[in-house]
Each structure stands twice: as structure tokens, then as C-alpha cells.
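Below, each chain spelled out in residue letters.
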Amino acid sequence: MKGRNAAKRIALLSVLCAGALCVFVVENLFSPFPVPGAKLGLGNVFAILALIWLGVPEGMILVIIKSVLGCLITGNPGAVIYSLSAGLVSVSFSAAMIYAKREIFTLTAISVGAAVINNIVQNAVFCLVAGTVSAFYLMPYLLVTGVIGGLTVGVTSTLIIKKTPSSAFFSDASEHKGG
Amino acid sequence: MNDRISRVKNGKFFIKRDILLYAVILIAVIAAVTVLILAQDKGELEKIEIYYDKILIYVYDNSLKNGIITEAGKKYVTEKSEGNELRVVVTVPEGYNVIVFDGEGAKVTEADCSVRADCVNFSGKITKSGDAIFCVPHSLSVVGVGTEGEEVLL
Numbered sequence: 120m121k122g123r124n125a126a127k128r129i130a131l132l133s134v135l136c137a138g139a140l141c142v143f144v145v146e147n148l149f150s151p152f153p154v155p156g157a158k159l160g161l162g163n164v165f166a167i168l169a170l171i172w173l174g175v176p177e178g179m180i181l182v183i184i185k186s187v188l189g190c191l192i193t194g195n196p197g198a199v200i201y202s203l204s205a206g207l208v209s210v211s212f213s214a215a216m217i218y219a220k221r222e223i224f225t226l227t228a229i230s231v232g233a234a235v236i237n238n239i240v241q242n243a244v245f246c247l248v249a250g251t252v253s254a255f256y257l258m259p260y261l262l263v264t265g266v267i268g269g270l271t272v273g274v275t276s277t278l279i280i281k282k283t284p285s286s287a288f289f290s291d292a293s294e295h296k297g298g
Numbered sequence: 198m199n200d201r202i203s204r205v206k207n208g209k210f211f212i213k214r215d216i217l218l219y220a221v222i223l224i225a226v227i228a229a230v231t232v233l234i235l236a237q238d239k240g241e242l243e244k245i246e247i248y249y250d251k252i253l254i255y256v257y258d259n260s261l262k263n264g265i266i267t268e269a270g271k272k273y274v275t276e277k278s279e280g281n282e283l284r285v286v287v288t289v290p291e292g293y294n295v296i297v298f299d300g301e302g303a304k305v306t307e308a309d310c311s312v313r314a315d316c317v318n319f320s321g322k323i324t325k326s327g328d329a330i331f332c333v334p335h336s337l338s339v340v341g342v343g344t345e346g347e348e349v350l351l
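Protein sequences appear in the order of chains Z and F.
Heads up, the first sequence is in this note's numbering, so the first residue is 120 and it goes up one at a time.
Heads up, the second sequence is in this note's numbering, so the first residue is 198 and it goes up one at a time.
Bound-form chain Z, shown alone:
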């Protein structure tokens, strides 16, 4: 039974990783914001789903796969360092909030916070790597786009979790208890 659950979890994680990668690649084709580097970050919907449905390690694995493979697929290996560092910091924030003993913030607010942190870290890492402070002029724009992206991701994730019956993934009683 344990093996079957492990297989189910790996299968679900694979599906979420595939979804996150597809969205990451498609988002690279256009931008809803006229700000360099700004994206809605819809791939993070899958990271939040992995954190909630599966666990912290799975959420981290998804972010690593999304950042590394996503940047390689889009032909931009140089961006791995920005995407990965920002992704890991923001998913750690989300995990700490989601796994808190009692509800501190709603998932929507957590997502907004994570998106803003993601953009701050990405901008800071870029300034460090490029050796210039000039890119800090983008910070106010990135904070605002982070709020818009975070709201979109948060509301979408909440709706998906609300509408998806838990039995769709975890029909086994032992899994329900586990968390």
C-alpha cells in the first residue's frame, strides 16, 4: 500500500512539474507587463499545489525543476541563478506560512508575499551578479507586478484546491491522516 501511495505521489508531482514547465515556457513568449523581466509567474500555481497536496520537499523539487529545465528549454541558461535563488526563497516563505500551526494569512496573501519576495530576490541577485546598482530602478515596478502576479496565482490556487475533491488524489485513508 505504501508503495502504491509513493507511486501516486511521484505521478502527481510529475504532472505538476510538467504543468509548471509548460506555463513557464509559454509565459516566456509574451509579457502582460511592460517591465523588463516581469511575469505573472503562473507556474507558481503548481508550486503552491505541490506544497499543499504533497509537501515541502516536493514543492522545492518542483521549483528546482521549473527553474533549471525552464531556463534551459527557453535557451536562457544564464537566468537559472536568478530564477532558482528567487524561487527557493519564495517557496520557503510559502512553506513556512502554509505549514504554520494555525492560519496566519490566507493562501492569496501568502502568494502575494511570495511573489513580492521572489521579485526582490531576483532583482538583488541580478544587481550582485551584474555588478551594478542601476537595475534597482526596476524595484518599484517589480513590487507592483509582484502584487498583481501574486494575487492571480493565489486566487487561482485557492480556486483549484477548493474545487478539486481530495479523493481525486488521496483515496487511501492513511494518506488523509498523514499530511
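Since the hints were made in silico from the structure, they are not lab data.
Glycine included, C-beta positions come from ideal geometry on N, C-alpha and C.
Fair warning: there could be bad hints in the mix.
Said to hold, decoys possible - Listed next, with one range per pair, are the computed distances between beta-carbon atoms:
| # | chain 1 | residue 1 | chain 2 | residue 2 | range |
| --- | --- | --- | --- | --- | --- |
| 1 | F | 221 | Z | 123 | 30 to 38 Å |
| 2 | Z | 149 | F | 236 | 26 to 34 Å |
| 3 | F | 321 | Z | 149 | 33 to 41 Å |
| 4 | Z | 218 | F | 260 | 53 to 61 Å |
| 5 | Z | 252 | F | 268 | 19 to 27 Å |
| 6 | Z | 192 | F | 344 | 21 to 29 Å |
| 7 | F | 251 | Z | 285 | 20 to 28 Å |
| 8 | F | 279 | Z | 281 | 56 to 64 Å |
| 9 | F | 211 | Z | 284 | 34 to 42 Å |
| 10 | F | 271 | Z | 176 | 44 to 52 Å |
| 11 | F | 262 | Z | 218 | 20 to 28 Å |
| 12 | F | 211 | Z | 187 | 30 to 38 Å |
| 13 | Z | 187 | F | 258 | 38 to 46 Å |
To be verified - Not the full set, but computed from the structure, chain F residues with beta-carbon under 10 Å of chain Z:
| # | residue |
| --- | --- |
| 14 | 219 |
| 15 | 235 |
| 16 | 236 |
| 17 | 244 |
| 18 | 248 |
| 19 | 265 |
| 20 | 277 |
| 21 | 278 |
| 22 | 283 |
| 23 | 286 |
| 24 | 318 |
| 25 | 329 |
| 26 | 330 |
| 27 | 333 |
| 28 | 338 |
For this one, chain Z is given, so just place chain F on it according to the hints.
Chain F in isolation, oriented as in the chain Z frame:
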């Protein structure tokens, strides 16, 4: 059903405590805008410098309206005058960027860095000192420098 899922399923999109987080973000936005307004050097444009991987490869003198390819930049940079404009092509191992200097400033007009090409489509034009255009995939920076000195920390 585990705690996390039931918390979201039975929860709302907004609770009063969220205001705290949104307030912190609002303060951060206000602080960033204030710093941007106060600290940004938006003086007269003296020079425009192009860096590849933190190495200065090209300097355009905005008052003399001509540019100099640095020693390090010789293998990456070619320039060509077209009417009133100077067209500089930077070809690095990662790809190429075309930067056009028109006497008032500089703009990246072409690049093969990505489909979105943020450096071309979303980065505007350098017309003041402190303005900058970055091409992350090509590790390229185009920075406006004023009389106060350069902005790049090298």
C-alpha cells in the same frame, strides 16, 4: 483530509490579518519609490557605456557624438554610421545585440536573446545618466553615465 487542504477548502480569499502583510508590501513599495526618486541620478548624459560580463567594451561620448571600442571590446563590437545614427553591433558568444546611438541617447533595437527580447521591447531609451538597459541572457549592460561619475560598481 490533511490540515493544509481543509484550511484552504474551508477558508476565505481574504481575512483581516492579511491587511498586515499587504501593509508591509505597501510600505516597501512606497520606500522603493521614495528611494528611486531621491537617489536616482537623472542628470545630463555625458557618456553611454556598454559592459559585457562586467567588462567595459564600448564608450560613447554623448557630447562629441562618437564612440570608442575598448581593447577588451575589439572582439565583440563593430560600429557603423547610418546618417545621424551610429549603429553598434555587439556579438558575444551568447548572441548579438544592436544598439543605436542617435545623438540624444541610445536604444537596443535588435537582439536574439529571447522571444520576448525585454532589452528591445520593454527597456526604453537611455536619455539621462542613471538610465540603463540590461540584456540578462547576454550578460550585457548599457548604462548612461553623467558628469557625477559612473553608476556601475566594478
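Comparing the hints with the structure gives:
no.	hint	in the structure
1	221/F <-> 123/Z: 30 to 38 Å	violated (44 Å)
2	149/Z <-> 236/F: 26 to 34 Å	holds (32 Å)
3	321/F <-> 149/Z: 33 to 41 Å	violated (18 Å)
4	218/Z <-> 260/F: 53 to 61 Å	holds (59 Å)
5	252/Z <-> 268/F: 19 to 27 Å	holds (26 Å)
6	192/Z <-> 344/F: 21 to 29 Å	violated (45 Å)
7	251/F <-> 285/Z: 20 to 28 Å	violated (51 Å)
8	279/F <-> 281/Z: 56 to 64 Å	holds (59 Å)
9	211/F <-> 284/Z: 34 to 42 Å	violated (24 Å)
10	271/F <-> 176/Z: 44 to 52 Å	holds (50 Å)
11	262/F <-> 218/Z: 20 to 28 Å	violated (60 Å)
12	211/F <-> 187/Z: 30 to 38 Å	holds (34 Å)
13	187/Z <-> 258/F: 38 to 46 Å	holds (42 Å)
14	219	holds (7 Å)
15	235	violated (12 Å)
16	236	holds (8 Å)
17	244	violated (14 Å)
18	248	holds (8 Å)
19	265	violated (20 Å)
20	277	violated (26 Å)
21	278	violated (28 Å)
22	283	violated (22 Å)
23	286	violated (20 Å)
24	318	holds (8 Å)
25	329	holds (4 Å)
26	330	holds (8 Å)
27	333	holds (6 Å)
28	338	holds (6 Å)
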